[in-house]
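> Work out the full structure, taking the sequences as your base and the hints as a guide.
The chain contents come next:
2 protein chains.
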Amino acid sequence: MNGPQIERLIQLLGRLPGLGPRSARRVALHLLKKREALMQPLSAALADAANAIRPCGSCGNLDTIDPCSICADPRRDNGLLCVVEDVGDLWAMERGRIFAGRYHVLGGTLSALDGVGPEELNIASLVRRVAGGSVREVIVATVDGQTTAHYLAERLADSKVPLTRLAHGVPVGGELDWLDDGTLATALKARRAL
Amino acid sequence: MNGPQIERLIQLLGRLPGLGPRSARRVALHLLKKREALMQPLSAALADAANAIRPCGSCGNLDTIDPCSICADPRRDNGLLCVVEDVGDLWAMERGRIFAGRYHVLGGTLSALDGVGPEELNIASLVRRVAGGSVREVIVATVDGQTTAHYLAERLADSKVPLTRLAHGVPVGGELDWLDDGTLATALKARRAL
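So the sequences go chain by chain: A and B.
Going by our numbering, the first sequence opens with residue 5, and the numbers climb by one from there.
Going by our numbering, the second sequence opens with residue 5, and the numbers climb by one from there.
By construction, these hints were calculated from the structure, which means they are not laboratory data.
Everything numeric in this text was worked out from a predicted model, so none of it was measured.
One or more of the hints may lead you astray.
Since the list gives no way to pick one copy over another, a pair counts as held whenever it fits inside one copy or between any two copies.
Claimed, not checked - Straight line, CA to CA, 20 Å or less: simulated EDC-like cross-link-like pairs of lysine to aspartate or glutamate:
1) Lys37 / Glu123
2) Lys37 / Asp118
3) Lys38 / Asp118
4) Lys164 / Glu141
5) Lys37 / Asp52
6) Lys37 / Glu124
7) Lys37 / Asp70
8) Lys37 / Asp181
Encoded structure:
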């Protein structure tokens with residue numbers, strides 16, 4: 005009834021996390037009312053980001069440059085490598101400004117149920133990075149229980165590099181991205197041997 | 005920390021209704037992960053809709069053609085004119101398929117508090133349409149209490165065209181867009197003289 009352009013827009017907006025069909029319609033209408041102030045800038049920002057942003061070949065972070073700005077930053081400690089599930093978790097760590105090492109983004113966690121095996125994750129590249137010799141400690145910041153952490157401990161055992169995990173305080177099954185910075189800082193400081 | 009493209013995208017997404025800073029970040033990340041399947045199509049859909057969609061010069065509906073497809077549809081009854089606050093309310097009426105007349109979108113409701121006077125709304129064009137002579141009944145489907153409805157009754161008194169309002173069933177102060185179609189259909193059928 006609304007014409008194909010509006011229906012297509014509502015359909016795509018409804019695929020964003022947290023938006024259902026009704027909220028997608030509200031968002032579409034809001035955008036159509038703010039065509040110049042919001043709709044056109046958002047379209048351009050999406051195209052810009054889609055064109056400019058690429059995964060970092062080293063750590064898996066998303067950035068306009070490869071290696072990403074974190075991998076390229078000479079002030080960061082090469083000896084500390086924090087393994088996260090997702091770029092959103094990397095963002096959460098960075099928001100807290102509590103960590104000045106490097107990251108490695110796995111791209112998920114191991115899950116037999118979802119058919120996610122080691123080949124689906126950036127684990128081979130992690131093993132290579134750690135084998136490179138400059139890493140003193142690997143901090144496993146995944147929060148999926150212990151499956152992924154135990155698997156990483158096995159795969160990295162030959163390197164003799166100590167693995168640690170975030171301290172208790174991180175809720176089991178929760179998402180790093182939703183934690184407040186204080187809890188995250190406490191958990192990082194109290195990390196323990198794996 | 006994320007580069008200007010991502011920050012700009014998060015900032016614009018955070019201005020959409022219902023999205024705060026955290027959900028804007030989640031949406032941005034989701035889009036960056038689904039660059040080809042969702043991000044680029046959404047950018048194009050926003051640009052297409054922004055270019056193609058214009059307000060109808062007759063009723064204020066949003067469409068790709070002017071007069072809009074509702075105003076241009078010869079099967080609709082010119083004698084029934086439904087006055088709504090917003091295009092979202094017109095969409096709600098159309099979803100219910102309960103009304104086969106024409107619409108007039110005011111673009112808001114009168115509010116001394118918000119400085120919205122009659123000049124800010126599409127009221128002069130409504131008076132002209134009703135004065136045109138083909139309208140038999142004006143259904144005032146605004147839900148802001150009675151301020152706007154009473155003002156419209158005054159302005160349209162000379163036309164002698166009867167005004168009706170939606171029956172009780174519409175929650176006072178609620179939004180038409182959030183009603184289920186059944187409630188809306190009941191309210192339309194039970195409309196009363198203003």
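> A separate judgement is required for each hint: does it hold in the structure or not?
Outcome of the hint check:
1. Lys37 / Glu123: between (46 Å within a copy, 18 Å between copies)
2. Lys37 / Asp118: between (41 Å within a copy, 18 Å between copies)
3. Lys38 / Asp118: So Lys38 and Asp118 pass the 20 Å test across copies only (19 Å; inside, 41 Å).
4. Lys164 / Glu141: within (10 Å within a copy, 84 Å between copies)
5. Lys37 / Asp52: between (23 Å within a copy, 15 Å between copies)
6. Lys37 / Glu124: The answer is between: 15 Å across copies meets 20 Å, while 43 Å in one copy does not.
7. Lys37 / Asp70: Intra 38 Å, inter 17 Å, cutoff 20 Å: inter-copy only.
8. Lys37 / Asp181: So Lys37 and Asp181 pass the 20 Å test across copies only (16 Å; inside, 32 Å).
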